[in-house]
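Q: Here is how the chains run, residue by residue.
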Amino acid sequence: MTNKRKSKWGKAILFFIMLIPAFIAVFPLAALLLASFKPSTELMRFGLNVYPQFELWSLDNYIYLFTDGNIYFHWFKNSLIISLFSTILALIFSSMVGYSLAMYRFRGQNVILFLVLLIMMIPFEIMMLPLFRMMIELGAVNTYTGVILPMIVHPLTIFFFRQFALGLPDDLMDAARIDGCSEYGIFARIMVPLMKPAYGAMGILLALFSWNNFLWPLVVLRTKEMLTLPIGLAGLLTPYGNNYDILIAGSVLTVLPIIILFIFAQKYFISSLTAGAIKG
Amino acid sequence: MNKILKLGLTMLLLLSLVLAGCSSKNEPSSNNASEGESNDGSEHQELKFWTFQGLHVEFFEDAAKSWNEMYPDRQINFVAESFPYDEMHNNLLLALQSGVGAPDIVDIEINRFPNFLKGDIQLEPLNNIVEPEIDSFVKSRLDVYAADGNYYGAPTHVGASVAFYNTELFEAAGVSPDDIKTWDDFVEIGKVIKSKTDKPMTAVFTNGFWSFYPMISQKGSDIFDPNGEVILDNQDNVEVLQFIHDMVYKDEIAVLAPGGRHDSEEFFAFMNSGGAAALIMPSWYASRFVEHMPDQSRNFVMKPMPAWEEGGFRSAGMGGTGTAVTKQAKDVELAKDFLAHAKLTKEANIKIWTILGFDPPRHDVWDAPELREANKFTEYFGDGLFDMLIDIKDEINPLNITENTPLARDLIESNVLFNVLREKNQTPEEALKQAADELRSR
Amino acid sequence: MIGSTPSFYPNLVKGGSFLKPNTVNISSNSTIKNTRRTLKNLFYSKKIAPYVFVFPFILIFCGFYLYPVITTIIMSFYDILPGQTKFVGLENYKRLFNPTFYKALYNTSIYTLWTIVILIPIPLLFAVILNSKIMKGKTFFRACLFIPALTSTIVAGVIFRLLFSESETAFANSFIMFFGLDPITWRQSGPAIMFLMVSLATWRWMGVNMIYFLTGLQNIPKEMYEAAEIDGANMINKFWHITIPFLKPVTVYVLTITLFAGYKMFEEAYVFWEVNSPGNISLTLVGYLYKEGFQYNQLGYGSAIGVSLLIIVAILGFIQLQLTGTFRKKGGN
Chain F
43 MTNKRKSKWG KAILFFIMLI PAFIAVFPLA ALLLASFKPS TELMRFGLNV YPQFELWSLD
103 NYIYLFTDGN IYFHWFKNSL IISLFSTILA LIFSSMVGYS LAMYRFRGQN VILFLVLLIM
163 MIPFEIMMLP LFRMMIELGA VNTYTGVILP MIVHPLTIFF FRQFALGLPD DLMDAARIDG
223 CSEYGIFARI MVPLMKPAYG AMGILLALFS WNNFLWPLVV LRTKEMLTLP IGLAGLLTPY
283 GNNYDILIAG SVLTVLPIII LFIFAQKYFI SSLTAGAIKG
Chain V
50 MNKILKLGLT MLLLLSLVLA GCSSKNEPSS NNASEGESND GSEHQELKFW TFQGLHVEFF
110 EDAAKSWNEM YPDRQINFVA ESFPYDEMHN NLLLALQSGV GAPDIVDIEI NRFPNFLKGD
170 IQLEPLNNIV EPEIDSFVKS RLDVYAADGN YYGAPTHVGA SVAFYNTELF EAAGVSPDDI
230 KTWDDFVEIG KVIKSKTDKP MTAVFTNGFW SFYPMISQKG SDIFDPNGEV ILDNQDNVEV
290 LQFIHDMVYK DEIAVLAPGG RHDSEEFFAF MNSGGAAALI MPSWYASRFV EHMPDQSRNF
350 VMKPMPAWEE GGFRSAGMGG TGTAVTKQAK DVELAKDFLA HAKLTKEANI KIWTILGFDP
410 PRHDVWDAPE LREANKFTEY FGDGLFDMLI DIKDEINPLN ITENTPLARD LIESNVLFNV
470 LREKNQTPEE ALKQAADELR SR
Chain B
9 MIGSTPSFYP NLVKGGSFLK PNTVNISSNS TIKNTRRTLK NLFYSKKIAP YVFVFPFILI
69 FCGFYLYPVI TTIIMSFYDI LPGQTKFVGL ENYKRLFNPT FYKALYNTSI YTLWTIVILI
129 PIPLLFAVIL NSKIMKGKTF FRACLFIPAL TSTIVAGVIF RLLFSESETA FANSFIMFFG
189 LDPITWRQSG PAIMFLMVSL ATWRWMGVNM IYFLTGLQNI PKEMYEAAEI DGANMINKFW
249 HITIPFLKPV TVYVLTITLF AGYKMFEEAY VFWEVNSPGN ISLTLVGYLY KEGFQYNQLG
309 YGSAIGVSLL IIVAILGFIQ LQLTGTFRKK GGN
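Those protein sequence lines, which keep their order, are chains F, V and B. Residues in the first sequence are numbered consecutively from 43, following this note's numbering. Residues in the second sequence are numbered consecutively from 50, following this note's numbering. Residues in the third sequence are numbered consecutively from 9, following this note's numbering.
It cannot be assumed that every hint is accurate.
[Stated by the list, open to error] Simulated pairs of lysine-lysine, DSS-like, Cα-Cα distance not exceeding 30 Å:
id, chain 1, residue 1, chain 2, residue 2
1, V, LYS379, B, LYS94
2, B, LYS230, F, LYS238
3, B, LYS146, B, LYS230
4, F, LYS238, B, LYS55
5, B, LYS111, V, LYS473
6, V, LYS442, V, LYS230
7, V, LYS473, V, LYS299
8, F, LYS238, B, LYS256
9, V, LYS167, V, LYS482
10, B, LYS146, F, LYS53
11, V, LYS400, V, LYS442
12, V, LYS352, V, LYS400
13, B, LYS246, F, LYS50
14, V, LYS379, V, LYS400
15, B, LYS94, V, LYS167
16, B, LYS54, F, LYS238
[What the hints assert, rightly or not] Ranges between beta-carbon positions, derived for each pair:
id, chain 1, residue 1, chain 2, residue 2, range
17, B, VAL125, F, TRP51, 36 to 46 Å
18, F, PHE156, B, LEU121, 20 to 30 Å
19, F, PRO81, B, ILE323, 45 to 55 Å
20, F, LYS119, B, ILE128, 35 to 45 Å
21, F, LEU61, B, GLU234, 26 to 36 Å
Just so you know, these hints were derived from the structure itself, not from any lab. By construction, the Cβ of each residue, glycine as well, lies at the ideal position given by its N, Cα and C atoms.
One chain only, chain F, in its complex shape:
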C-alpha cells in the first residue's frame, strides 16, 4: 500500500522536475517560430521576446524565401541526399571498425584506436588548404561524392561502437564459431542485431551532423544549385549587416523538416533505446 503511494508521489515529482529542462529546451525554438512571423524591425526594437503580438503576424518572410526561384528546394534535396548516404555509409563502415577494435585482438589495434582518437582532436580548419587542393585534383569539387567520402570513417561513430561493443559477450562469438559461422556471419547475424541501440543512436546523430554540416560542404560545393541548406541560407545574409527577415524564416525552415522527420523516426529509432529487454 505504501509502495504504491510512494511511487505515485515519485512519479509526480519526477514529472515536474523534468518539465523544467524540457521547457528550457523548447522555449528558444518556440520564440524563434514566433519571431519568424513578425517583421524583423520588431526584432530590432525589442530583441527576442515572448509577446506574441498577433497583429503583426504575416507570412511575408516565408514568401520572400520561396520566391527566390525555388532554390530552397534544391538545397533541401541536396541536404537530404547527402545526409542519407553519409549516414548509411558511415554507419556501415564505422561500426565495422569499432566492432573489430573491441572484439578482436590483432596487431596494430591500439595504433588504429590511437589514430581514431587523433582524428577526433583535429579541428577541420587546419586541414582546409590541403583538402581543398586535393578535392580539385580529384575532380570531386561540386559533387556529392566529394562531400560524402570523408564522412565514411567517422571517428566519433567508430569510437562509440567500440565502447558499445565492449559490452557484448565474447562467448557468443566462440559458440558461433564452433557451429561453423564465419567471422562476417557473426558480425552480420549476431552482433549487428545486438548493436541495434547503437545503430539507432548513431544513426540519428550522424544524420543530424550531416544535415547541419557547414564547413566541409562549403569547401567542396560551388554552384548555387548544389549547395546544402545551411550554406544556402547563410549566403542570404549580407555582410555589412544582417538580413534578419530571411535568416529567421530560413532558420525555421531548416529546423522544421528535421524536427518533423525526427518525430516520426522517434518511433523506430528511440524505441530501440528503451526496449531494454533485448539483453535478457
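With chain F fixed as given, assemble chains V and B onto it according to the hints.
A: Frame of chain F; chains V and B shown alone:
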C-alpha cells in the same frame, strides 16, 4: 553466405549510386553554358564571378546583359556565385594559394584586400583600363586597391563619411544642424540638445572603428604613413581618442553604442527609437537607415562632418569593395574589358547609385540628372544629397593601406576602443602605443 | 554477464553451407584448388577478419586525414605567400608565446572545463530518470530535450544572441529585471560571454549526451537489478553499484568527446562575435587559428597554431584515456 553477399552487394550498390550521382552533377544544371574553354571568340565565354554581397550580383548581372547587347561578337556567359563574407574570402585565399579553383572576377572587401597584395600578387593589374579614366575618379579610392604603381581593384563607392542629424531632436532643442561647423560646435550644440531633450548627441562604437577612423583621417592622420611606418600612436590620434573619450565621460554628450557595432541589432533599435541626435558614418550607412530604422524616416538629414578647425576637411573615405580580375581568369582581356564596362564607365557609375544606392567613385556623374531622381533615399533624407557630396569631394584624404591594415583594424576595434572607452583601464596614449608596438613587431 | 542465447541462433546450426575454419582440408592434390582454398580460408579466418573490417578506414584515413595533417605540419615550418614559400624553421612556433595566444588558451580551457562539469553528470541523471520504470511521458521528454540538438549552431547562436540582447525588452534582461537586477550587456563582458557560450553548448548538447547514456543503459542486464533488489539494495545502492560501473565505457566516451569538442570549439564563439571580440573575451584557439591563418593571410603561422592545438589536446586526451583505462584490452571492463 547469402546474407553476407546481400550485404556486400548492397554496399557496392550504394557506393556506385554515390559515384554515379556525382558525375551527373558535375555540369552546372542551370543553363546553356558551353564550357567556355574554346577561345574562338564566337562562342559564349564563361565568366565566373564571386561575391559576398547579394546586391552586387544583381548589379553585375545587369552589366552582363548590357555588355552582351553592346558587344554581340564578344558574348559572355556570366555566372555569379555568392558566399558568406568570411567563407568567400577564405575560399579565394585557398584558391589563389593553390593555383586552382579561383573565379575570373571577384569582389574583395577593403579590409581583406591587403591579404591579396602579398607575395606574388595573384591578381591582374588593371592599369590599362583604369588609367584612361583616372581623372574622373576620386583618386584615393583607386589608390587603396593599388600596390607598387599598379591598380588591382575597381572601386564600388566613395564611402564618404557624413554626419547624420536627427532634425526632430534639433528642432526640439531650438538648434539647427547648420550651426555645426567644427567639432567644438558639435560639443556645444550637443550640450544644448542634452539639456533640452535629455538625449545624447551621438553614440560611439566600442567594437567598430567607424567613429575613430574618419575622425583621424579628416585630420590628415592615419594608422600608417605613406611609407608604411606605423603612426597609430602619434599625437593627432591620441588627441582624437581623448576627444571621443571626453565626449562620453567629460562633456557627457555621447554614449557607448548599444551592441558596440554599427550593425548590431541593439544599435538599430536604439537609433530607431530616436536614441541619438547625430551619427558619424560613411554615406552607405544610409541604406541601413532605410532598411532597419524606418521609424525615423524624414527625421534625418545628411550633412558634412564637423571639421577640426575652420576650413578643415569635412569628410573621409571609408569602407569599400574592390572588384579584381584573378590571374586564373580564362580570358584576361575579356574579363578586364567587362570589368571596365561594369564599373569604370559613366553609365556604370550611374547604376551604382540607382541599383546599389552607393555614392559612385566617378565624380563626373555626381551632377547627372539620374542622381537627383526621387528614390527611397531621397524619401528618407530629403533632396540635395549629391550637391552635398560635391561640396566635400575634395576634402577626402587618401588612406594608407598596408599588409597590416587588417591587423591594425582588429587591434583598434578589439583592444584600443574597448579598453579606453568601455573598460577604462587604459589612457588613449597607453592603448594606442600598445597597439602600435604590436604592429611594429610584425 | 552471460546472456542466454539469442533466439535466432538455431538458424546458424541449420545452415550447413559455411566453410568450417578449423577443419581445413590441405590434402587435396590440385595446387590451384589448394591456393584458392587457402586464400578463402585466410579471408574467413579469425586472424584476417579484423583487417578486412578496418581496411576501408585505413584507405580513407590515409587520403583524407593523414595527407592533410602531414601537409599542415610541413606548412607550419614555412612562411606561406603565393609564389613565395620560405622555410622559417621554428619561427612560427616562437611566435606562439604571446598574450593573445595565452588568452585563447585560457578561454578555451575554461570553456572546456565548464562543459565537462555540466554536460556529463546532468545528462546522465536525466537518462537514468527517463529510463526508470516509474517515469511518465518518457517519449515526450526525450523528444523535448533532444530537439535543440537538431538546430545548427548558427541558428542556435542567432536565437541566443537575440534572447540575450542588451536591450531591456529582450527576454533575458526582462527576466532578471523582474527580480530587481540591472540589465546586463551580455555580449560585451568577459564572464557573461563565457556564460553565453557554455549555455549555448549546454542547450544544444544536453539531449545528445543523454541519448548516449540512454544507449549505455541498455547494456545493463535487468537480472542485476533484480538480484540486487532481492538482496535488499535501495535506489541509491543500485545506482552507485550497478548503473555507474556499467556505464563506464559510455561515460569515457562522453568525457572524451566533450574534452575534444571543447578544445576544438569555434562556432559557439563565432556566432556571438565572429573572430574579433572586444578584448578577445571570446577568442578560442581555433578562432585564433582562423584569424591569423585566414584573416591575416598567414597560413604558415595558422598551421603552427593548429599543430600546437593538436599537441595540447593529444596530451590531455591521452592522459585522460590512460587514467580511465581505455587502452586496456577487453576484460579490463
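Q: A separate judgement is required for each hint: does it hold in the structure or not?
A: Going down the list of hints, with the structure as the test:
| no. | hint | verdict |
| --- | --- | --- |
| 1 | V:LYS379 / B:LYS94 | holds (29 Å) |
| 2 | B:LYS230 / F:LYS238 | holds (18 Å) |
| 3 | B:LYS146 / B:LYS230 | holds (19 Å) |
| 4 | F:LYS238 / B:LYS55 | holds (26 Å) |
| 5 | B:LYS111 / V:LYS473 | holds (19 Å) |
| 6 | V:LYS442 / V:LYS230 | holds (17 Å) |
| 7 | V:LYS473 / V:LYS299 | holds (13 Å) |
| 8 | F:LYS238 / B:LYS256 | holds (20 Å) |
| 9 | V:LYS167 / V:LYS482 | holds (26 Å) |
| 10 | B:LYS146 / F:LYS53 | holds (11 Å) |
| 11 | V:LYS400 / V:LYS442 | holds (19 Å) |
| 12 | V:LYS352 / V:LYS400 | holds (23 Å) |
| 13 | B:LYS246 / F:LYS50 | holds (20 Å) |
| 14 | V:LYS379 / V:LYS400 | holds (27 Å) |
| 15 | B:LYS94 / V:LYS167 | holds (13 Å) |
| 16 | B:LYS54 / F:LYS238 | holds (24 Å) |
| 17 | B:VAL125 / F:TRP51: 36 to 46 Å | violated (31 Å) |
| 18 | F:PHE156 / B:LEU121: 20 to 30 Å | holds (25 Å) |
| 19 | F:PRO81 / B:ILE323: 45 to 55 Å | holds (52 Å) |
| 20 | F:LYS119 / B:ILE128: 35 to 45 Å | holds (38 Å) |
| 21 | F:LEU61 / B:GLU234: 26 to 36 Å | holds (31 Å) |
The structure fails hint 17 only (numbered hints given earlier).
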